[in-house]
Structure formats: C-alpha cells, structure tokens
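Peer 1: Residue numbers (the working numbering), protein chains in the order written: chain A, 1 to 210; chain B, 1 to 227.
I should point out that these hints are in silico values taken from the structure, not numbers from a laboratory. Virtual Cβ for every residue (Gly too), placed ideally from N, Cα, C. A couple of the hints might just be wrong.
[Unchecked claim] The calculated PhoX-like cross-link candidates involving lysine-lysine, where the alpha carbons are at most 20 Å apart (straight line), are:
no., chain 1, residue 1, chain 2, residue 2
1, B, 34, B, 212
2, B, 134, B, 118
3, B, 94, A, 205
4, B, 32, A, 205
5, A, 208, B, 32
6, B, 34, B, 81
7, B, 32, B, 69
8, B, 18, A, 113
9, A, 92, B, 94
10, A, 205, B, 65
11, A, 200, B, 118
[Unchecked claim] Short derived list, chain B residues pointing at chain A, Cβ under 7 Å:
no., residue
12, 27
13, 31
14, 51
15, 122
16, 132
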Amino acid sequence: MFINLKDLQGLFDLKKGNNFLEVYLYKPDKIEIYRERLMSIFTDEYIFTWSDLNKPLFSALKVERNVMFIILSLIIIVAAFNIISGLTILVKNKTREIAILKSIGVSNFSIRKIFFFIGFLIGFLATIMGVVIGVTFSLYVEEIRMLISSVFNISLFPEEIYFLSTIPYQIDFWSIFLISSCSIIMTCLVSIYPATKAAKLDTIKSLKYE
Amino acid sequence: MSNIIELNNISKTFDNQKKISVLKNLNFKFKKGKIYSLSGPSGSGKSTLLNLLSLIDRPSSGNIKIDNKNINHNEIEINDKIRSSNIGIVYQEKNLLPDFTAIENVCIASLAANNNHKIAELESLKIIQKVGLKDRANHYPSELSGGEMQRIAISRAIVNKPRIILADEPTGSLDHDNANQIFNLLFKLKNNDRVIIFATHNRFFANKADYKISLSNGKIKTINGKI
Chain A
1 MFINLKDLQG LFDLKKGNNF LEVYLYKPDK IEIYRERLMS IFTDEYIFTW
51 SDLNKPLFSA LKVERNVMFI ILSLIIIVAA FNIISGLTIL VKNKTREIAI
101 LKSIGVSNFS IRKIFFFIGF LIGFLATIMG VVIGVTFSLY VEEIRMLISS
151 VFNISLFPEE IYFLSTIPYQ IDFWSIFLIS SCSIIMTCLV SIYPATKAAK
201 LDTIKSLKYE
Chain B
1 MSNIIELNNI SKTFDNQKKI SVLKNLNFKF KKGKIYSLSG PSGSGKSTLL
51 NLLSLIDRPS SGNIKIDNKN INHNEIEIND KIRSSNIGIV YQEKNLLPDF
101 TAIENVCIAS LAANNNHKIA ELESLKIIQK VGLKDRANHY PSELSGGEMQ
151 RIAISRAIVN KPRIILADEP TGSLDHDNAN QIFNLLFKLK NNDRVIIFAT
201 HNRFFANKAD YKISLSNGKI KTINGKI
C-alpha cells in the first residue's frame with residue numbers, strides 16, 4: 001500500500017519534524033550503497049544505518065577480526081617455517097641419495113625441481129585438507145558449539161554478549177580461493193630455499209661421509 | 001688406438017686447515033678399448049682421480065680432455081649431460097637409492113639421459129636380465145645381497161651404454177667369489193669404443209687389467225701393460 005507522505009502526516013496530525021522512516025533491505029550488507037541513494041532522496045534528513053546505531057559493537061568486532069587476521073597470519077608463518085625445517089631435514093636425510101643422483105648425471109635443476117615439488121605437494125595437500133576441514137567446521141559450527149558446551153559444561157558464544165542465538169557463518173568462495181592461493185604460493189616460495197640447498201650439496205663429501 | 005681421456009698436468013689440492021696435495025701434475029692418456037686398474041695405498045689419490053674423471057670434482061690446475069674436447073668445469077649442465085650419457089660410475093657400497101626397486105634404480109639413470117620412460121624401463125630390464133637378476137628386478141636394495149646390489153649398480157652404470165666406466169673399489173665390501181663375479185661382469189663390458197677404469201686394493205684383480213697404474217703420493221709410480 002502506498003500513500004502520500006503529506007496526507008499521512010495530516011491523517012495522524014503529525015508535524016514535519018516528528019517523522020521517522022524505517023527502511024528494511026533485502027541485502028542489509030549493502031547498506032552503504034543504499035544509504036547514498038537515500039541521502040540523495042532525503043537531502044534535508046538525518047540518516048542512521050544499523051551499523052551507525054551499533055557502532056561500539058561493530059568496532060569491537062572489527063578489532064576482533066583484525067586480531068584474528070594477525071593470529072592466523074602468525075600461524076601461517078609458523079607453518080611456513082615448519083615446511084622449511086621439514087624439507088631441510090629431508091635434504092639432510094637424503095644427502096647420499098642426492099649425491100648418487102648427481103653422480104649418475106641428474107642435473108642440479110632436476111634436483112631442485114624434486115624438492116620444490118615435494119614442498120608444493122605438502123602445501124597443496126595441506127591447503128585442500130584445510131579447506132575441507134574449514135568448510136565442514138563452518139557448516140556444522142552450531143552442532144560443534146553445542147557438543148563442546150555440553151561436554152565441558154561451558155557457555156560458548158553466549159547470547160547475552162553477542163546478541164545472537166547461533167554462531168553465524170558465511171562461506172565465501174572468493175575468500176576460500178584467495179586464502180588457498182596465498183597458502184600454496186607461500187609454500188612454493190618457502191620450498192625454494194631447501195630445494196636450492198639440495199642442489200648445491202657437495203657430491204664428493206656426501207658420497208664419502210653419508 | 002685413439003685416446004678417450006687425456007689428463008694434462010692435473011693437480012688436486014684440498015685447502016682445509018692444512019693444504020693437502022692429493023694429485024701432482026698428472027699426465028696420462030686413457031685409450032679406447034682398454035681396461036685400466038688404479039692401485040696404490042690409501043690416500044694415494046685413486047678415488048680423487050676417479051672423481052675428476054667422472055667430472056664430479058674439478059682439478060685445482062690442469063685440464064681434462066674427453067674425446068679431444070677440453071672440459072670446462074664451470075659448465076655444470078654440460079658436464080652433467082656428459083656424465084649421464086657417457087660415464088657410468090660404480091662405488092664401493094651404498095650405490096643404490098634405498099626407496100627405489102632394483103629396476104627403478106637402473107631406470108633412473110636412463111631417465112637422467114633424457115630417455116623416454118618406456119624405453120628406459122625396457123633397457124633396464126634387458127640389462128638386469130643380462131646380469132642375471134631378472135627375478136630380483138622388483139626387489140628393494142634392502143632385500144638384495146651385497147653382490148646383487150653391486151650387479152644392479154653395474155647395470156645402472158651401463159644402461160646408457162657409456163664409453164667410460166669408472167669403478168671405485170667395486171668389490172671392496174664383497175667376499176672373493178662375489179668379487180670375482182663382479183670383475184668378470186666388468187671385464188665382459190670391454191669393447192673397442194669403451195674404456196674401463198677401476199680402483200682396487202686387490203692385486204689379483206688389478207693384474208687382470210690391460211694396464212695397471214700404481215699411484216703413490218699423488219703421482220703415477222708405475223704403469224704396467226699387458227701389451
């Protein structure tokens with residue numbers, strides 16, 4: 001039902017300054033776009049969005065998100081160092097085998113390729129496993145929350161603090177692709193050092209002492 | 001008889017805390033179709049000479065010619081190619097890759113010479129059959145005896161039909177019967193276009209070579225030839 005605003009004000013005997021208009025959107029996350037549009041329509045009015053009205057909560061969530069980003073980045077750095085140390089140990093353990101390969105004429109480039117490929121494979125499989133576990137965890141996050149709460153008798157994600165009865169989740173394929181690509185690229189980059197080290201091994205020393 | 005390898009004023013020194021001169025101004029020409037044995041006490045430079053001949057190591061001074069072409073030790077890729085297609089090496093022990101089966105160990109040398117996978121597999125099987133280990137082709141080195149491992153190592157060394165075969169005390173860790181088998185196998189590989197050079201402490205086997213080179217203090221002490 002549509003009605004002229006002035007007629008409505010007359011009907012309820014309202015003055016112009018007492019008007020509040022609430023707009024509900026199908027896509028509340030696109031609020032900034034719609035806000036611009038509304039501002040161009042209601043040039044003399046104040047417009048408050050849901051994010052303006054809950055600013056402290058959203059800034060707290062933003063801080064939490066940034067901290068999570070830092071923590072996860074640190075985890076990725078630690079994982080990258082794990083790959084470096086793992087591959088370096090592998091190179092150390094396979095010193096004699098590398099020397100044998102060199103003695104039969106396998107080029108340094110091929111040896112570098114072998115260890116680079118191992119690093120890539122570790123990164124690739126770990127990324128796939130991470131995506132599978134992460135998506136499954138997101139899909140069943142509420143069941144997992146309830147299980148942990150009941151097993152340990154604690155209140156995880158309390159409603160009175162977060163104003164939400166269930167843990168919300170969103171599976172964004174673009175984010176999954178971006179994070180997966182970054183982690184694979186990172187593992188490829190960190191594999192370069194041990195792979196180069198393998199190719200530079202002294203064949204004679206390795207054959208003699210390993 | 002043309003030369004296949006030429007050593008010109010080859011010296012090798014190791015600079016650790018003390019400068020050790022292992023080979024001193026060696027000059028020698030290895031001929032095609034001959035078998036050479038290198039003998040001498042430990043530290044006389046046998047293994048170092050074989051490492052130089054296999055292009056794994058580089059001399060401190062002097063130059064090596066293979067097929068009348070000077071070897072440039074800075075051209076690592078080219079030398080890798082020469083080694084994969086023209087040089088076969090057998091060491092004393094632990095020659096094989098433990099994570100690969102006998103046939104895979106042989107196959108890998110063929111693949112290193114850029115052979116097609118099918119051809120490599122076929123050639124490897126043929127050679128393993130030749131050394132009498134067909135039924136052991138799919139066994140891992142840990143499942144083979146010392147003699148069998150050396151026979152597989154020889155198979156790997158000859159899979160690309162190299163013109164230079166180098167063996168550094170190939171029977172050092174074997175009993176006399178197995179050592180005899182290995183040397184018989186090595187001597188059978190002799191042909192007009194190939195040189196076989198082996199280092200050994202065993203006088204009996206050293207005397208079987210066409211030329212017996214004795215090294216002492218990094219120099220060639222004597223050369224005894226059958227011819």
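Peer 1: Check each numbered hint from earlier against the structure, then list the numbers of those it violates in ascending order.
Peer 2: Violated hints: 4, 5, 6, 8, 10, 11, 12, 13, 15 and 16; rest satisfied.
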